[in-house]
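A.B. asks: The chain contents come next:
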Amino acid sequence: MSDHPQDLSLREQAAAIADGELDATELLEATLARIEERDGSLHSIAESFASEAARMLSESPDGPLHGVPVAVKDMFALPWRAPRDGCVKNLFGVGPGESAVYRRLRDAGAVIVAVTNMHELGAGSTGHISAYGACATPWDTSRCGGGSSGGSGSAVGARLVAGAVGTDGGGSIRYPAAYCGITGLKFTWGSVPPDGYTHGFASMGAPGPMCRDAADARLLGGVLLGRPLASRRANSLRLGVAPWFWENLDPEVEAGCRTAVDALADSGIEVREVTLDGVEHIVSATVIRLTLEGLPSTKPEAVAEVMPHLSPVGRALSKYNLLLPAAALVRADRVRGQLRRSVGRAFEDVDLLAWPTVPAPPPLIAEPQVDLPSGRVPADYANVRQGGLGNLTGVPAISVPCGLTAERLPIALQLLAPWGEDERLLDVAELLEQATDRRYVDALPPIAQPTPA
Amino acid sequence: MERGEQFDEVVRLTLGRYGIPVDDVDLAVMRVAEQVYGPGRDALLAADLSDIEPEHDLDPSRAPAQPL
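Chains as they are written, first to last, in this note's numbering: chain V, 26 to 478; chain F, 47 to 114.
These aren't lab readings, by the way, just hints derived from the structure by calculation. All values derive from a computational prediction rather than experimental measurement. Honestly, I wouldn't trust all of these hints.
Stated by the list, open to error - One-sided and incomplete, this derived list gives chain V residues near chain F with beta-carbon spacing under 8 Å:
| id | residue |
| --- | --- |
| 1 | Gly225 |
| 2 | Phe226 |
| 3 | Ala341 |
| 4 | Ala353 |
Glycine included, every Cβ here is placed at the ideal spot set by N, Cα and C.
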C-alpha cells in the first residue's frame with residue numbers, strides 16, 4: 026500500500042489539507058519528486074515550476090483546492106510563462122499573463138505545479154509529435170498518450186498529479202482521457218472565459234477537467250466553471266445510441282463499450298436507438314473548420330519564427346491546409362448547422378448520447394495507426410469520426426473508463442449531453458463507476474503500480 | 047484537388063503563387079494527407095446540401111433554433 030500523497034484523489038488531497046492531516050508543502054515537494062521520478066518515459070510534463078508553485082502555495086487562499094497541486098495544458102497564459110502550444114512559441118501572440126483558467130485555479134487555492142505536454146499546435150489526436158517529446162500513455166510507454174491534451178491525460182493516469190486542465194477543439198480532452206484510462210470532460214462551448222487561451226478565438230474548443238474519476242472532475246470542473254457542479258440522481262435518464270458511431274470498431278473496444286451501456290441499462294437507464302442526420306460528413310467538417318478558423322488569428326511574425334522549428338509533419342500540414350477550397354468551409358458550416366439541429370432534435374427524445382470515445386486502443390508511438398475492420402488507418406482520422414460531433418455542436422461530452430483490453434489497454438465510453446447539462450455527464454459517469462465497482466477508474470497502469478517492499 | 051501525378055504540380059504552383067516554398071518532405075506528407083482526407087472533402091464538395099438550411103447567428107453554447 027502506497028503512502029505517497031499523489032496516490033490520493035484530488036478530493037482526498039483537498040480534504041486532508043483542510044483537515045490538517047496533510048501538509049501542503051510536503052505534498053508539493055512529493056509531487057515535484059514524483060514528476061522527476063516517473064515522467065522520463067512519459068513526456069507528459071513540458072515544464073514544472075518549483076519556485077512559482079511554492080509562491081502560489083504561500084499566497085493560496087482558502088478555497089475548494091487550497092494547497093492542491095494541479096497541472097495545465099500548454100495553451101494557457103500564466104503570469105510567469107507564455108503558452109507555446111507544444112512548439113517553441115504559440116502562433117497567436119499570447120504572452121505571459123493571467124488567463125481565466127489561471128485566475129480560477131488561483132482563486133480556488135490551487136497550486137499550478139506544471140504545464141503539460143500537448144500535440145504540436147493542437148493538431149493531432151495522438152500526442153506523438155511535440156517539441157517536448159512524444160507523449161506516452163502510462164499503460165504502455167511505447168504507445169500514444171493521446172492528443173492534443175496528452176500530457177494532461179498521461180500525468181493524471183500516472184499519478185503525477187490528481188487533476189489537470191485540458192482543452193478540446195476536436196476531441197482533444199476525450200481522446201487522451203481514453204488512451205490514459207482517466208475521466209475527461211469537455212464543457213459546453215463558451216463555459217469558461219477565453220482570455221489567455223491560445224485558441225480562444227475558436228468556435229469548437231473548450232477547456233475542461235481531466236481527473237481519475239467523475240467526483241474529482243466534478244471538483245476541478247466546478248473550480249474552472251466558477252460554480253459548483255451539483256450531483257443528481259441519474260438512473261431514470263434516457264440514453265440514445267446512434268448506430269453510425271458503433272460501426273467499424275476494434276472488437277474489444279466495441280464489446281467493452283456495449284457492456285458499459287448494458288451496465289447503465291441494468292442501473293435503470295433506458296436505452297433507445299437514435300438516428301442523426303449529416304454524420305457522414307463529420308470528419309471533413311471537423312477537420313476543415315479546425316484547421317482553418319485559426320488562420321486569421323495568427324501573428325505573421327510568430328508564424329515566421331515558429332515555422333522553422335515545427336516538425337516536418339506540422340510544417341507540411343500547415344501548408345496543406347492553405348490549399349483547402351473556400352467552398353469546403355462554407356459546406357462544412359452548412360453541415361454543422363444540420364448536425365446541431367439533428368442533435369437538438371435527438372435531445373427532445375433522450376437525455377444523453379453514447380458511443381466509444383475512440384474506435385481502437387492507443388496506437389504505437391512509432392506507428393500511430395489503428396487496425397479497424399475496414400483496414401489500417403491513421404488514428405487521427407479514425408478518432409475524429411467519434412469525437413468531432415461534440416465540437417461541431419458545442420454540447421458537453423465526457424470520456425469515462427469502462428474496460429481494459431486483453432493487453433491491458435484502456436477502453437472508454439463517450440457520453441454527450443444537451444447544451445448546459447454538463448453535470449448530467451458526471452452523474453452518469455458516477456453511475457457507471459458504481460455499476461462496474463470502480464474497476465476501471467481505480468485500475469493502476471504499470472508505471473503507477475506499488476513497488477514491492 | 048488533383049490526384050496522382052498532377053498533385054505535386056498543383057501544390058507547387060498554388061503555394062508558389064503566395065511565395066510559400068514546398069520541398070519533397072512537404073509533398074510526401076501532403077500526399078498522405080490527401081489520400082486520407084481528400085475523399086471525404088471531395089464527398090462534401092459534391093454533396094447536395096441545397097435542402098439544408100444555413101444556421102445564422104451560430105452560438106455553440108446553445109441549442110440551435112429548429113426550422114419552422
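A.B. asks: Against chain F, with CB atoms and a cut of 8 Å, does the hint on Gly225/V hold up?
C.D. replies: violated (14 Å)
A.B. asks: Tell me if the interface restraint on Phe226/V is satisfied: Cβ within less than 8 Å of some Cβ in chain F.
C.D. replies: Because about 13 Å separates Phe226/V from the closest Cβ in chain F, which is outside the 8 Å limit, the hint is violated.
A.B. asks: Quick check on Ala353/V please, does its C-beta sit within 8 Å of some C-beta on chain F?
C.D. replies: holds (6 Å)
A.B. asks: Classify the hint on Ala341/V as holds or violated, based on whether any CB of chain F lies nearer than 8 Å to its CB.
C.D. replies: At about 3 Å, which falls below the 8 Å cut-off, the nearest Cβ of chain F leaves the hint on Ala341/V intact, so it holds.
Checked against the numbered hints given earlier, the structure breaks hints 1, 2 and satisfies all the rest.
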